[in-house]
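Number of protein chains: 2
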Amino acid sequence: MSDRSSAPAARTVLQQCVQATLQIDRGMVIYVCFFKGATDDLLPKMVSTLLNLRLCESPSGRMVSVLELPGSVLVVPQATLGGKSKGRSMQYHNNIGKEDGQRLYDAFVARCQQELEAGAGPGAEVTVKHGTYGNRQVLKLDTNGPYTHLMEF
Amino acid sequence: MSDRSSAPAARTVLQQCVQATLQIDRGMVIYVCFFKGATDDLLPKMVSTLLNLRLCESPSGRMVSVLELPGSVLVVPQATLGGKSKGRSMQYHNNIGKEDGQRLYDAFVARCQQELEAGAGPGAEVTVKHGTYGNRQVLKLDTNGPYTHLMEF
Numbered sequence: 479m480s481d482r483s484s485a486p487a488a489r490t491v492l493q494q495c496v497q498a499t500l501q502i503d504r505g506m507v508i509y510v511c512f513f514k515g516a517t518d519d520l521l522p523k524m525v526s527t528l529l530n531l532r533l534c535e536s537p538s539g540r541m542v543s544v545l546e547l548p549g550s551v552l553v554v555p556q557a558t559l560g561g562k563s564k565g566r567s568m569q570y571h572n573n574i575g576k577e578d579g580q581r582l583y584d585a586f587v588a589r590c591q592q593e594l595e596a597g598a599g600p601g602a603e604v605t606v607k608h609g610t611y612g613n614r615q616v617l618k619l620d621t622n623g624p625y626t627h628l629m630e631f
Numbered sequence: 479m480s481d482r483s484s485a486p487a488a489r490t491v492l493q494q495c496v497q498a499t500l501q502i503d504r505g506m507v508i509y510v511c512f513f514k515g516a517t518d519d520l521l522p523k524m525v526s527t528l529l530n531l532r533l534c535e536s537p538s539g540r541m542v543s544v545l546e547l548p549g550s551v552l553v554v555p556q557a558t559l560g561g562k563s564k565g566r567s568m569q570y571h572n573n574i575g576k577e578d579g580q581r582l583y584d585a586f587v588a589r590c591q592q593e594l595e596a597g598a599g600p601g602a603e604v605t606v607k608h609g610t611y612g613n614r615q616v617l618k619l620d621t622n623g624p625y626t627h628l629m630e631f
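Residue numbers (this note's numbering), protein chains in the order written: chain X, 479 to 631; chain H, 479 to 631.
Simulated from the structure, these hints should not be mistaken for laboratory data.
Among the hints, a few may not be true.
Identical copies look the same in the list; a pair holds intra-copy or inter-copy alike.
Said to hold, decoys possible - In silico lysine to any residue, SDA-like type, Cα no more than 20 Å apart, as pairs:
#1 576 x 596
#2 564 x 522
#3 562 x 543
#4 576 x 535
#5 576 x 518
#6 562 x 575
#7 607 x 563
#8 564 x 543
#9 607 x 571
#10 523 x 543
#11 562 x 630
#12 523 x 562
#13 607 x 589
#14 562 x 589
#15 607 x 595
#16 562 x 631
#17 523 x 564
Treat the numbers as computed from the prediction; the structure is a model and nothing was measured.
Using the sequences and the hints, build the whole thing.
Structure follows, in C-alpha cells:
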C-alpha cells in the first residue's frame with residue numbers, strides 16, 4: 479500500500495518477549511496501528527514480513543523468526559502509535575476510522591494465526607493472542623532484551 | 479537536528495507504565511536510539527518535548543505530562559529501534575557509533591534527571607532509572623494501557 483516515499487499505511491512495534499499476559503510464552507509482541515487508507519491488500523505482505531523477520535533468539539543463540547522459533551504472537555491494537563505531537567498534545571488525525579480499524583485488526587490477527595499454524599509444524603504449541611480493539615487492557619511484559627523494532631508498511 | 483523532510487537523528491518509543499523493573503513506579507518508559515549525525519544540540523529540545531508531552535493519565539483521568547504527574551522515568555537504550563529490514567534480517571547501518579552513542583545516552587539520562595528534579599517540586603518521589611548502554615537487560619513492564627508512542631527528533 480505504501481512505498482518508501484509516501485506516508486506509511488501501518489506502523490508496528492515489535493518486542494521479543496519471554497512471557498506476556500494474555501498469556502503467551504516465548505514469542506513476540508506486535509503493537510499495530512493502521513492509518514487512513516490502509517486496506518486488506520496490505521495484510522499478506524505485512525504479516526508475512528513480520529512473522530519471517532529474524533528478530534528472535536533461539537535457545538542456541540541464533541537469530542530466527544518467530545515462525546522458526548517457533549513462538550507465539552501477542553497482537554496489541556495500539557492506536558496511540560499513530561499520534562503526531564502538536565504542542566504538548568498528541569493528535570491522531572491520520573489514524574484509520576474505528577470500523578475499518580476493527581475489521582483490519584481482526585483480519586490481521588486471523589492471518590497471523592493462519593500463518594503461524596501453517597509454519598510452526600505439527601505439535602508445536604504456538605498461539606496468537608490478541609487484545610480487543612478499542613479497549614484498554616492490562617499488559618505485563620517480561621523480556622530478556624528488550625529488543626524493540628519499528629516496521630512501517 | 480532534523481526537520482520533517484530529512485531522516486531523523488533520534489527515534490524514541492514511549493510507554494506509560496504502572497511499574498517496571500529497575501524499579502520505577504508510575505511514570506514512563508522511554509526507549510531511545512540515536513542515529514548517525516546526532517549531537518548534543520539535539521538533547522535540550524528532545525528531553526523537554528518528551529517530558530512535557532501529555533501522555534500520562536493522572537489519578538483523576540486527565541492527560542498530563544510525566545513532569546506534571548509527577549512520575550518517574552525509565553530510560554532504555556534501544557539500538558534495535560534504528561533497524562531497517564533487508565530481506566529477513568535487520569540492519570543497523572544508520573545507528574550512531576558505540577562511543578558517541580554511549581556519551582549521548584549518558585547526557586540524555588542526566589538531562590532527564592535534571593529536568594525531572596527541577597519540575598517535580600519538593601517532596602515528590604520521582605526518579606530517573608536507566609539501563610546500561612550496550613548491555614542486555616531484563617525488563618518487566620506492567621501497564622494499564624498500554625499506550626505506545628513514537629517520537630522522532
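### Query
Quick one: residue 607 to residue 595, C-alpha cut-off 20 Å, is that within a copy, between copies, both, or neither?
within (13 Å within a copy, 40 Å between copies)
### Query
Between residue 523 and residue 564, at a C-alpha cutoff of 20 Å, which is it: within one copy, between copies, both, or neither?
between (32 Å within a copy, 14 Å between copies)
### Message
At most 20 Å between CA atoms: does that hold for residue 564 and residue 543 within a copy, between copies, both, or neither?
### Response
between (37 Å within a copy, 14 Å between copies)
### Task
Please work out whether the CA atoms of residue 562 and residue 543 approach to 20 Å or closer within one copy, between two copies, in both situations, or in neither?
between (31 Å within a copy, 15 Å between copies)
### Task
Could you place residue 523 and residue 543 in one of the four classes (within, between, both, neither) given a Cα distance threshold of 20 Å?
Within one copy only: 15 Å inside a chain, 37 Å across chains, cut-off 20 Å.
### Query
Checking residue 576 and residue 596: alpha-carbon separation at most 20 Å within a copy, between copies, both or neither?
neither (30 Å within a copy, 40 Å between copies)
### residue 562 and residue 575: within-copy, between-copy, both or neither at 20 Å Cα
Within. Shortest intra-copy distance 16 Å satisfies the 20 Å Cα cut-off; inter-copy 28 Å does not.
### Message
Within, between, both or neither: how does the pair residue 607, residue 563 come out at a Cα-Cα threshold of 20 Å?
### Response
Neither, since 30 Å and 25 Å both go past 20 Å.
### Query
Which holds for residue 562 with residue 630 at a C-alpha limit of 20 Å: within a copy, between copies, both or neither?
The answer is both: 15 Å in one copy and 10 Å across copies each meet 20 Å.
### Query
Checking residue 562 and residue 631: alpha-carbon separation at most 20 Å within a copy, between copies, both or neither?
Classified as both: same-chain Cα gap 17 Å, cross-chain 12 Å, threshold 20 Å.
### Message
At most 20 Å between CA atoms: does that hold for residue 576 and residue 518 within a copy, between copies, both, or neither?
### Response
Answer is within: at 15 Å inside a copy they meet the 20 Å cutoff, but 41 Å across does not.
### Query
How do residue 607 and residue 571 come out at 20 Å by Cα distance, when the copy is not named: within, between, both, or neither?
neither (28 Å within a copy, 33 Å between copies)
The structure fails to meet hints 1, 4, 7, 9, 14 from the earlier list, while all remaining hints are met.
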